[in-house]
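Undergrad: Got two chains here, each in a separate frame; can you build the complex from them with the hints?
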Amino acid sequence: MNLVTPDSGLLFWMVIIFGIVFFILWKFGFPIITDMVEKRSAHIDESLKLAQEAEKRMQDLAREQAELIEKTRLEQNRILKEATQSRAAIIAKAEKEAAQRADKLLEKARTEIAAEKESALRDIRLEVARLSVGIAEKVIRKDLSTDEAQMQYLDRLVDEVAAPKD
Amino acid sequence: MRKFWYIVICLLMLPGPALRAQEAEEDIDVPGVIFGHIGDSYEWHITDWGGKSIAIPLPVIVRSKTTGWHVFSSHHLEHGAYQGFHIDADSGKIVESDGTRPFDISITKNVLSLMMSCALLLLIVLLTARWYRRHDALKEAPRGIAAFMEPLVMMVHDMARENIGEEDYRRYSPFLCMVFLFILLNNFLGIVPFFPGGANLTGNIAVTMVLALCTFFTVNLFGTKHYYKDIFNPDVPGFLKPIMPVIEVFSALMKPLSLTVRLFANMLAGHIMILSIVCVIFIMAKYGPLLFGSMSVVSVLFGVFLDMLECLVAFIQAYVFTMLSSIYIGLSRQHGE
Numbered sequence: 000m001n002l003v004t005p006d007s008g009l010l011f012w013m014v015i016i017f018g019i020v021f022f023i024l025w026k027f028g029f030p031i032i033t034d035m036v037e038k039r040s041a042h043i044d045e046s047l048k049l050a051q052e053a054e055k056r057m058q059d060l061a062r063e064q065a066e067l068i069e070k071t072r073l074e075q076n077r078i079l080k081e082a083t084q085s086r087a088a089i090i091a092k093a094e095k096e097a098a099q100r101a102d103k104l105l106e107k108a109r110t111e112i113a114a115e116k117e118s119a120l121r122d123i124r125l126e127v128a129r130l131s132v133g134i135a136e137k138v139i140r141k142d143l144s145t146d147e148a149q150m151q152y153l154d155r156l157v158d159e160v161a162a163p164k165d
Numbered sequence: 000m001r002k003f004w005y006i007v008i009c010l011l012m013l014p015g016p017a018l019r020a021q022e023a024e025e026d027i028d029v030p031g032v033i034f035g036h037i038g039d040s041y042e043w044h045i046t047d048w049g050g051k052s053i054a055i056p057l058p059v060i061v062r063s064k065t066t067g068w069h070v071f072s073s074h075h076l077e078h079g080a081y082q083g084f085h086i087d088a089d090s091g092k093i094v095e096s097d098g099t100r101p102f103d104i105s106i107t108k109n110v111l112s113l114m115m116s117c118a119l120l121l122l123i124v125l126l127t128a129r130w131y132r133r134h135d136a137l138k139e140a141p142r143g144i145a146a147f148m149e150p151l152v153m154m155v156h157d158m159a160r161e162n163i164g165e166e167d168y169r170r171y172s173p174f175l176c177m178v179f180l181f182i183l184l185n186n187f188l189g190i191v192p193f194f195p196g197g198a199n200l201t202g203n204i205a206v207t208m209v210l211a212l213c214t215f216f217t218v219n220l221f222g223t224k225h226y227y228k229d230i231f232n233p234d235v236p237g238f239l240k241p242i243m244p245v246i247e248v249f250s251a252l253m254k255p256l257s258l259t260v261r262l263f264a265n266m267l268a269g270h271i272m273i274l275s276i277v278c279v280i281f282i283m284a285k286y287g288p289l290l291f292g293s294m295s296v297v298s299v300l301f302g303v304f305l306d307m308l309e310c311l312v313a314f315i316q317a318y319v320f321t322m323l324s325s326i327y328i329g330l331s332r333q334h335g336e
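Chains H and B supply the protein sequences, listed in that same order.
Taken in order, the first sequence gives residues 0 to 165; the numbers are from numbering that gives the first Met the number 0.
Taken in order, the second sequence gives residues 0 to 336; the numbers are from numbering that gives the first Met the number 0.
Simulated from the structure, these hints should not be mistaken for lab results.
Misleading hints may appear alongside valid ones.
One-sided and incomplete, this derived list gives chain H residues near chain B with beta-carbon spacing under 10 Å [stated by the list, open to error]: (1) Pro5; (2) Leu9; (3) Leu10; (4) Ile16; (5) Phe21; (6) Leu24; (7) Phe29; (8) Ile32; (9) Asp34; (10) Arg39; (11) Ser40; (12) His42.
All values reported here derive from a predicted model rather than from experimental measurement.
Note that the Cβ used here is the ideal one computed from N, Cα and C, for glycine as well.
Isolated chain B, as found in the complex (with noise of 0.2 Å):
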């Protein structure tokens, strides 16, 4: 313990003079800092290098009602406008010269995060599958992606056997072992801070709500009678009937709405969390050296645990949207007392 603290205290006189040169004297944009890394762009911005920014540029894809479509690579946006289309500067997306917003298909930094996170998925699991395929799992305990896939893959099992029921869980069984295992891929990916992670997809609204209305679908397409019965004429007494209906399409559809918030709500909250911490260092650089010493140990150390409470944050809303939906999926197959 004795030890911990000297270490702390050799960190509170590291900095100071020598960054003192450094020390910027603009203020640093935090929301800017913090938006630019949780929003999407058409660019991926690795970092500053002298004074340069370093970043991979990506296609762009529109279609304008006008001239039709146009596909060229995003750092042809950096100086201004190209091919008639720029950048709006309040909303961050691309727009005619006349302000309208063109179809917009670009593969943005999101997109392409998705794009690697989906094929990651894609070999992780088939590779698990071939395992599966190539061994006798009756002989050989799994070994290597097996053993790590397998207690993941029959956790989510074994819940929609709980949640839907023996009859037909396995129907349902892939697609919440997908979800599962993309919102934990991406979350955990989005933890990383630098290239092929960093993007914030689970924190998208856009990626959230396709999951969700997955759910949704699922649940409403495959429902059977007993279920539709309960929203439309459930055994309630008669003065109830004409609002219960109400209550129910009211609910049903809040479902996947709650599904879509929370997952995106908590994914973004706890990235901007960490980025407010590690903002705080940039903040601290003009308050002197004790102060920005001092303050850099402490957001440190909170930046460490703030970290960590986002993996465990990363798998309990995974879990949590998983079970969820096999909780709807297992009400949508009731057959009835």
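Next up, chain H with everything else stripped away, as it sits in the complex (with noise of 0.2 Å):
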């Protein structure tokens, strides 16, 4: 059986034609292919690795900004509590210096109304006196020097009118 003896032939042939195209495949096939096989790889480990940075960036970023947007919603409600604590000071105080100043007005008119009402009473007086003078004038000038009575009732007037007076 000649199926276990090697052909001289085959063997010759097989050198050659297995060497020829294995120095092509080796200076130009392989290499090419596996090395940019493996650049590729190469560039996708280092894209996912640089994807998953960005990744935990974007999460610090938006923890930050959630940490950032919690921030100015406690100072915005400092804020307004400090900004309504001071409007109800102000009210409270605009309140109080309005309540003086009237209180104020009430007693300058006060006195005023005072002052006006002894005044026109001084005047009254004054008048009521005149009046009573004019009267006493013309009731004197009628029976003054008549009788002994006469003269009695204009002091005893006389008495009664500076009387109130003390």
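TA: What follows is the structure, given as structure tokens:
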């Protein structure tokens, strides 16, 4: 059986052809393919890493943003509260001032009214006195020096008029 | 499922009378057919048509010790001797008139098949390499032939990295890729039953021997100091010192032999199995229509199964050869602990 004895012709051609093909593919075939694919794998790895980093950074940013928003909200609340407080204070102060001013005005008006009333009373009293004097003159002009009784009466009148002034 | 059985029954009834007329009386020469298919020949026999054989004549290149170089077409040898050479009936080889074997580097069926498959391999790999040269692999996914070849090449490349180590797997990866693709391509071409394929190249011991010797030289010419120390002066108890080198050298020589025979025997056995199953159809022709028909169906179904099995074996054998080569190379590249 010649199946297990290698044939010299085929050996010869196999060595030559296999050698040539191997040389060509070793120079121009496989390294180009494997280098490119390895380069691509490295590139993919790197890209994945970068993407992970970017995602992490995005998460950090989002967290920072949320923190910032929370902080801002607290600040806003605080400012609003302060504003409310100061408004209430201002209003209270204004009300107090207004009340004081009103009191003062009232006081002044009251004193003025009192003064007016006094002067009016004095005027009236003067008028009454003049009228009384006038009446008295007329009465006196008619009856004076008539008799003793009238003289007494006149004295009494004068006393009466003078009396309330004490 | 029921349809399947209808088809089987129809097939069982189909042959018979029609073929019975054609049935040959003479016994079929099964070993002749099988060894004709798995062996080498000086012409590429395609088919017999109307009693005449159709074959591609191939150039015969021989050098006789007495008459020098002779180059002629193999169809001259069909009818006996030509220029003092004839095909020996026993060995099937060209011999001179006195029975001596000339130096024979004829382009036989296997050599032509080798040339064609190598040309195909060159074409495929160079086209793939061209794709990578012309396209930016960082921006484009591989397409067409590159998409087809990349997984195969990278599988071997990764295997080399795993078995040889980061340091110098790049040096050996092209060799392993070459061996893998060569075996794979020729295994598959061997399964194809008609012209471009059909030669039993990886089932030929000369071819597998060259492949295994390539691995052998790659392993032993570039071995590290540590590798040779392990062979000639291993760390073993004193009384083993004289024995170990013998065993190790023997083992180093057995490795290529086992690679040779594993691939050769697997592919050869696969071809013989398929051919035998196909031959069953022709053997059964004279045993009557029922047996002939039923056995034909059985052998066709079994042939389909075996063909699929062979496709699997074609890949596995290429993979195993490459993996063992890479492991042997990896062992020879160790640098000690």
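Undergrad: It remains to establish, for every hint, whether it holds in the given structure.
TA: Hints, one by one, checked against the model:
The interface hint given for H:Pro5 is met, as the beta carbon of that residue sits about 4 Å from the closest beta carbon of chain B, less than 10 Å. At a threshold of 10 Å, the smallest CB-CB gap from H:Leu9 to chain B is about 4 Å, leaving the interface hint in force. Taken as an interface hint, H:Leu10 checks out: its beta carbon lies about 5 Å from the nearest beta carbon of chain B, inside 10 Å. For H:Ile16, the interface hint holds, since its Cβ comes within 10 Å of a Cβ in chain B; the closest pair sits about 5 Å apart.
Checking H:Phe21 against chain B: minimum C-beta separation of about 5 Å stays under 10 Å; hint holds. Annotation: interface hint on H:Leu24 holds; nearest CB of chain B at approximately 5 Å, less than 10 Å. Given hint, H:Phe29 at the interface with chain B, holds; its Cβ is 4 Å from that chain's nearest Cβ, closer than 10 Å. At a threshold of 10 Å, the smallest CB-CB gap from H:Ile32 to chain B is about 5 Å, leaving the interface hint in force.
Satisfaction of the interface hint for H:Asp34 is found here, the shortest Cβ-Cβ separation to chain B being roughly 8 Å, below the 10 Å cut-off. Evaluation of the H:Arg39 hint against chain B yields a held restraint, the C-beta minimum of about 5 Å falling below 10 Å. A hinted interface residue such as H:Ser40 counts as satisfied when its beta carbon comes closer than 10 Å to some beta carbon of chain B; here the least separation is about 9 Å, so the hint holds. Of the supplied interface hints, the one on H:His42 holds, with its beta-carbon coming within about 5 Å of a beta-carbon of chain B, less than 10 Å.
In summary, the structure agrees with every hint in the numbered list given earlier.
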